[in-house]
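Residue numbers (my numbering), protein chains in the order written: chain A, 996 to 1246; chain B, 307 to 743.
FYI, nobody ran anything at the bench for these hints, they're computed from the structure.
On a predicted model such as this, the values are computed, not experimentally measured, just so you know.
Hints should not be assumed to be uniformly reliable.
[Stated by the list, open to error] Chain B residues, not near chain A, derived (Cβ > 10 Å throughout): (1) Arg-326; (2) Ala-371; (3) Ala-528; (4) Gln-543; (5) Glu-730.
[To be verified] Below, computed lysine-lysine pairings styled on DSSO-like, alpha-carbon distance capped at 30 Å: (6) A:Lys-1060 <-> A:Lys-1103; (7) B:Lys-661 <-> B:Lys-334; (8) A:Lys-1146 <-> A:Lys-1160; (9) A:Lys-1013 <-> A:Lys-1177; (10) A:Lys-1103 <-> B:Lys-661; (11) A:Lys-1177 <-> A:Lys-1160; (12) B:Lys-635 <-> B:Lys-661; (13) B:Lys-334 <-> A:Lys-1146; (14) A:Lys-1060 <-> B:Lys-705; (15) B:Lys-705 <-> A:Lys-1160; (16) B:Lys-661 <-> B:Lys-644; (17) A:Lys-1221 <-> A:Lys-1013.
Yeah, the Cβ is synthetic: ideal placement off N, Cα and C, and Gly gets one too.
This is what each chain is made of:
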Amino acid sequence: MLEITNLHAGAEGVEILKGINLTVNAGEVHAIMGPNGSGKSTLAQVLAGREDYQVTEGTVRYEGKDLLEMEPEERALAGLFMAFQYPVEIPGVTNAYFLRVAYNALRKSRGLEEVDPLDFMDLIDEKLKTVEWSADILERQVNAGMSGGEKKRNEILQMAVLEPKLAVLDETDSGLDIDALKIVAQGVNNMRRPDNALLVITHYQRLLNYIVPDYVHVLVDGRIVKSGGKELALELEAQGYEWVQEAGAAS
Amino acid sequence: MTLASYLQDFEASAANGGGRPEWLMPIKRGAIDRFEALGFPDRNNEDWKFTSVAPIARTVFGRMAAVDTLPTAADLEPYLIGPPEWPRVVFVNGHFVEALSTVSGLPDGVAVRTLADAIAEEPEFVARHLSHTASVEGNSFTALNTAFITDGVVLHVEPNTVVEHPIHVLYLTDARVGEGATYPRMLVVLEHHAQASLIESYAALHDGVYFTNAVTEVSLQAGSRLDHYKIQRESEQAYHVGTLEATQERDSHFQSLSFAFGGAVSRTNIYTVLDGEGGYVTLNGLYVVHGDQHVDHQTRIEHAQPNCTSHEVYKGILDDQAHGVFNGKVYVHPIAQKTDGKQTNQNLLMSPRAKIDTKPQLEIYADDVRCTHGATVGQLDDQAVFYCRSRGLSPAEAKTLLTYAFAADVLEQIPSRPVAQYLERLVMERFLGSREG
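Isolated chain A (complex conformation):
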């Protein structure tokens, strides 16, 4: 589904990613862990197509296509979803409207008819259950006036509506208390299917208790220095990032 080969990227002339290799197949959950400044979020931004980052070397193929050649909206319409670390506030636009516009953009791109607000309400009812929310949230403005936890939950609601093939969760756990974390993780787990995949980017192991990864990769200074199964996350939690950093330096 996703194939990253020797990816080098940076911003303002500073190289941040220094040769990432990663393959994610359908049905898999990959976790990328790493200390602050290791390039985790840069990787997420490059995958989503943020123009502030320049790719200097390497390739990213998504379902056989050159992802780096695609506009951000083309990536979204092709089934790539990023849950933002810092979801952007859009005062003046209700959640209901925003979700419907995004959902209809997706339908249009697939040659399907747009749904009207009433039909959309039927559909959204079921999606709200995924994140254990009441319909009140639909009349709120997109992320504006929401707590940190609500914003993250709102990202997962968007994900539930758009049903992506590949979702990149960029530090979705940060700023969540344990109850909110469980709800968000449960929501994500409900969406797991054999034909979709998840890339979970996190600093802490905590989230991985609830969204259990098939593979864990440790990112240090722009490179994946260690990969393993879910037990690697626990080891990291116990020993700290210094352990892999030293291992990385030694190898």
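Dock chain B against the given chain A, drawing on the hints supplied.
Relative to chain A, chain B alone:
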């Protein structure tokens, strides 16, 4: 040169019986004298610092000729607001068109008349109110309008009477008959505890060069409430100067919503005096311009008595090389303790060549007041555009959504749903038009 042509027009019209009735003549004569003394304002005039009226001053605008063929009901369709039973008064090139107007179904105690009829039928009432609130002293355009008063609308609501539907006064211009000026004049008198909504809209049936110079005088007696909408969608080659002046007695509520989309050069003045305790005014506005348009708003709120509240939000969206001006004055008299005043002007520049001059002005002579003001100028947030794109919206769709969102809180203030729908559509059309253009 052109000053002289207005004076000649005035004399010719006066000699021709245009000064009738007799009691009106001194008012008109006084006004033309004021205009002669003042001339058109230039940029040295602090009130016109950012707006040049030279294009108006150098064109000879005679009285607008009447159209040869009146518009049909179908021609009117794009300008109509709300269901057909809503009262409306239609003028074309300054002339009342009875066939297109409907003022039936109004409750007892509500009079909607053309100014010409009111002058003939209710001279004492008109004489009592006309040219009382809107001063010709320092305002050339009000003086010019007053000198050329012919027609317009008088709305008079008796005490404790509520007018259910908004009354729409539609001033249409068709400049295919040649360049010219119209001078719409409105009088609104709400007696104590009366309530009404009035829509004052200006539109072009065909694009062309013309000049609209409008004056509306509003007198709100104790406890009355007026929702006033001004919708300016003149031709983008036209000139528009419109002044509304209100006086508010105790506990009255004046809600003004001003929308400007058209005009090559347009200026809207909205002035109110809170002249009784407990008065409340909200002035909200939205201007959306593009191309070479110049749009100017000047508001003035005078807190002349204690315990009054004024809230003001004006927003502007400027594309291409459009130029916007906002000047909001709040004047608090020494006696006006416990004044609560809040003013905001926010602007969104859609192009690096668009320009805004914003000047909030607070003059406070009382010591126990709460007054704030602020102005912002910004561009669309790149992060928000990216966020929308990452959810599948095209850059154009993202821009439209975010621009609309910027304007949303002014649109949400509109108390009447049909009026809100009409304006939402206008705003949306303008964004889409801009994007394609």
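Status of each hint after checking the structure:
| no. | hint | in the structure |
| --- | --- | --- |
| 1 | Arg-326 | holds (53 Å) |
| 2 | Ala-371 | holds (44 Å) |
| 3 | Ala-528 | holds (37 Å) |
| 4 | Gln-543 | holds (32 Å) |
| 5 | Glu-730 | holds (12 Å) |
| 6 | A:Lys-1060 <-> A:Lys-1103 | holds (21 Å) |
| 7 | B:Lys-661 <-> B:Lys-334 | violated (38 Å) |
| 8 | A:Lys-1146 <-> A:Lys-1160 | holds (22 Å) |
| 9 | A:Lys-1013 <-> A:Lys-1177 | violated (34 Å) |
| 10 | A:Lys-1103 <-> B:Lys-661 | violated (37 Å) |
| 11 | A:Lys-1177 <-> A:Lys-1160 | holds (22 Å) |
| 12 | B:Lys-635 <-> B:Lys-661 | holds (21 Å) |
| 13 | B:Lys-334 <-> A:Lys-1146 | violated (63 Å) |
| 14 | A:Lys-1060 <-> B:Lys-705 | holds (28 Å) |
| 15 | B:Lys-705 <-> A:Lys-1160 | holds (26 Å) |
| 16 | B:Lys-661 <-> B:Lys-644 | violated (36 Å) |
| 17 | A:Lys-1221 <-> A:Lys-1013 | holds (15 Å) |
Violated hints for the displayed structure, listed by number in ascending order: 7, 9, 10, 13, 16.
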